[in-house]
Amino acid sequence: MAAYLIKRLLLIVPTLFGILLINFVIIQFAPGGPVEQVIAQLTGTASGATSGVGGGGGDGLGGAQPSTIDQAAGDTSSKYRGAQGLDPEFIKELEQQFGFDKPPHERFILMVGNYLTFNFGKSYFRDKPVLELIQEKLPVSMTLGLSMLFISYFISIPLGIRKAVRDGSPFDVWTSGALVVGYALPGFMVGVFLLVIFAGGSFYQIFPIGKLSSDGAEQLALIPWLLDRIWHITLPLTAMILGAFTTLTFLTKNSFIDEIRKQYVLTARSKGLSENGVLYGHIFRNAMLIIIAGFPGAFVSAFFTGSLLIEVIFSLDGLGLLGFESVIKRDYPVVFATLYIFTLIGLIVHLITDFIYTLVDPRIDFESREV
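Using our numbering, the first residue of the sequence shown is number 5, and each one after it goes up by one.
Among the clues, some could well be false.
Said to hold, decoys possible - Derived BS3-like pairs: lysine-lysine, alpha-carbon spacing no greater than 25 Å straight-line:
(1) K132 <-> K106
(2) K96 <-> K106
(3) K132 <-> K215
(4) K215 <-> K266
Just so you know, these hints were derived from the structure itself, not from any lab.
Computed from a prediction, not measured in an experiment: that's the story for all the values here.
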């Protein structure tokens with residue numbers, strides 16, 4: 005197992021490099037880059053999605069706070085849309101400030117070199133270091149994502165096992181119906197409904213919105229602080245989690261049903277083992293392999309999946325909203341930094357998952373196969 009883990013660790017570097025390279029190449033062909041964003045701001049043609057452009061810094065992709073430059077009259081042609089009538093020297097200065105005066109390969113090499121030391125530079129349009137921005141937004145997404153992941157696994161796995169044991173019973177039928185209905189309801193629609201009913205929209209003012217905790221909550225003891233946090237995240241978490249049970253519950257149920265029908269289960273029962281002994285002593289670790297296999301993706305996506313609209317509805321400023329605004333504004337340092345960080349997290353979590361595989365079933369030997 006140690007040799008396999010070392011091989012996987014060594015593969016992280018080329019994997020990260022390949023992902024960054026592919027996305028960097030795609031970005032080169034995407035219209036509406038940061039230079040055009042600033043031009044649109046200056047010429048008054050910025051759309052609502054990009055009109056919040058301010059000042060910002062740079063990283064390996066380049067970037068610094070653009071100074072205020074008056075427009076210069078003229079019919080100068082430019083490769084940037086909407087740049088006609090602007091001083092060509094201003095365009096060159098803007099390219100230099102954002103780092104686009106360098107060839108793409110030089111910008112990519114500089115970016116990779118900085119990322120190796122976790123130097124992500126500054127946001128183009130927020131005038132803050134990218135790492136500081138991510139640290140500011142992370143608590144919101146981490147609280148919602150990890151809470152959703154924990155609750156969904158805590159409920160879905162026992163429920164899936166119960167449904168497998170009682171397959172075809174009234175309990176199995178009505179729980180399946182409830183899960184399908186919950187899966188069909190869009191999270192944002194549930195969020196709006198909860199907001200209107202329970203957060204002062206038109207009926208009751210029971211739950212707060214806009215924050216993860218009350219003012220001064222950090223001074224509370226652990227239990228009061230935890231209760232305050234639960235009070236604040238109840239509505240957004242409910243909106244996010246309704247559809248999260250369905251896939252995992254049915255996956256657990258089907259996995260256990262497949263194992264229950266195998267010959268070794270009949271053999272274990274014939275030896276006089278109790279149902280619980282057969283279920284948790286033999287079936288459980290075999291059936292759980294497929295559940296464990298899906299954990300890395302669930303863990304990483306827990307920070308983003310379904311959180312963007314929920315964060316907007318409940319006025320929560322997290323990573324989902326940050327990522328969306330960064331893509332719209334072409335804030336490349338933030339986009340590439342979040343891509344880099346969560347790709348790295350995903351690769352590491354895959355390694356941890358392989359290790360958990362061997363704990364669940366010692367018969368698995370990763371060293372005997374190719375990586």
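Here's how the hints hold up against the structure:
Only pairs whose Cα atoms come within 25 Å are accepted, and K132 paired with K106 is accepted, the gap being roughly 23 Å. Simply put, K96 and K106 have alpha-carbon atoms about 11 Å apart, close enough for the 25 Å limit, and the pair holds. For the hint linking K132 to K215, the alpha-carbon distance of about 22 Å falls within 25 Å, and the restraint holds. This hinted pair does not check out: K215 and K266 have alpha carbons roughly 51 Å apart, beyond 25 Å.
In this structure, the one hint that does not hold is number 4.
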